Amino acid sequence: DSGVTQTPKHLITATGQRVTLRCSPRSGDLSVYWYQQSLDQGLQFLIQYYNGEERAKGNILERFSAQQFPDLHSELNLSSLELGDSALYFCASSVTAAGETQYFGPGTRLLVL
Amino acid sequence: AQSVTQLGSHVSVSEGALVLLRCNYSSSVPPYLFWYVQYPNQGLQLLLKYTSAATLVKGINGFEAEFKKSETSFHLTKPSAHMSDAAEYFCAVRGSSYKLIFGSGTRLLVRP
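Residue numbers (our numbering), protein chains in the order written: chain A, 416 to 528; chain B, 1413 to 1524.
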């Protein structure tokens, strides 16, 4: 158990819908990262937050957004969902923004029908 | 820009045999390198990391990796495979903005 929690574990929804994925970092970690794992793209970095501020953006679609709240939990919002958004979404956390060691949560498996 | 290449999408070994999973990296700065393992339907677990200290890094579950700058490699090894080692293994390099850049993964199969 890494100490990073993610909810829900599974999510099934329809195209065009909007979902929110939630992540709670390890106690004491200020930085949260979101990654997407899909069969065709592999593991890809989406976005990083540090202590409530956005620090880095990767291959994140405009339909996707994220935020980190004062209690340091983070939410990833996915809207206007398409079939191709079906993937495993991981959250990771680290103590600092430099991410020397990132600890991963168990992931949320999203299936868009 | 940093990148990682994992040679071999599938590796099959017999139980008790040496495990060797290959990873080559590209980095314009001294790299931070990582190996993660993913068991079926689970998240990524950190096996070990290289952060410019000792070139031979020991990790959990008997795994180790050696950083070779001249070969730009960071191969993962384990002297004797167990059935419980069957999983997917990812090599990663810390990229710009401190994100992790992952290889495509190697699925390890352990034959009884």
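Calculated directly from the structure, the hints in this document are not laboratory data. These figures come from a predicted structure and were not determined experimentally. The beta-carbon is built from N, C-alpha and C at its ideal position, and this holds for glycine as well. Certain hints may be false.
Claimed, not checked - Computed from the model, here is a short list of chain A residues facing chain B with C-beta under 8 Å: (1) G467; (2) R470; (3) L476; (4) F479; (5) F484; (6) A512; (7) Q517.
Evaluation of the provided hints:
1. Interface hint status for G467 (chain A): violated, as the beta-carbon distance to the closest one in chain B is roughly 17 Å, over 8 Å.
2. About 7 Å separates the beta-carbon of R470 (chain A) from the nearest beta-carbon of chain B, less than 8 Å, and the hint is met.
3. With 8 Å as the threshold, the beta carbon of L476 (chain A) stays out of range of chain B, its nearest partner Cβ sitting at about 16 Å, so the hint is violated.
4. For F479 (chain A), the suggested interface contact is broken, since its CB lies about 15 Å from the closest CB of chain B, more than 8 Å.
5. For F484 (chain A), the shortest C-beta to C-beta distance to chain B is roughly 21 Å, which exceeds 8 Å, and the interface hint is violated.
6. Interface restraint check for A512 (chain A): the shortest CB-CB distance to chain B comes to about 6 Å, inside 8 Å, so the restraint holds.
7. Look at Q517 (chain A): its Cβ gets to within about 6 Å of chain B, closer than 8 Å, so that hint holds up.
Checked against the numbered hints given earlier, this structure breaks hints 1, 3, 4, 5; the rest are met.
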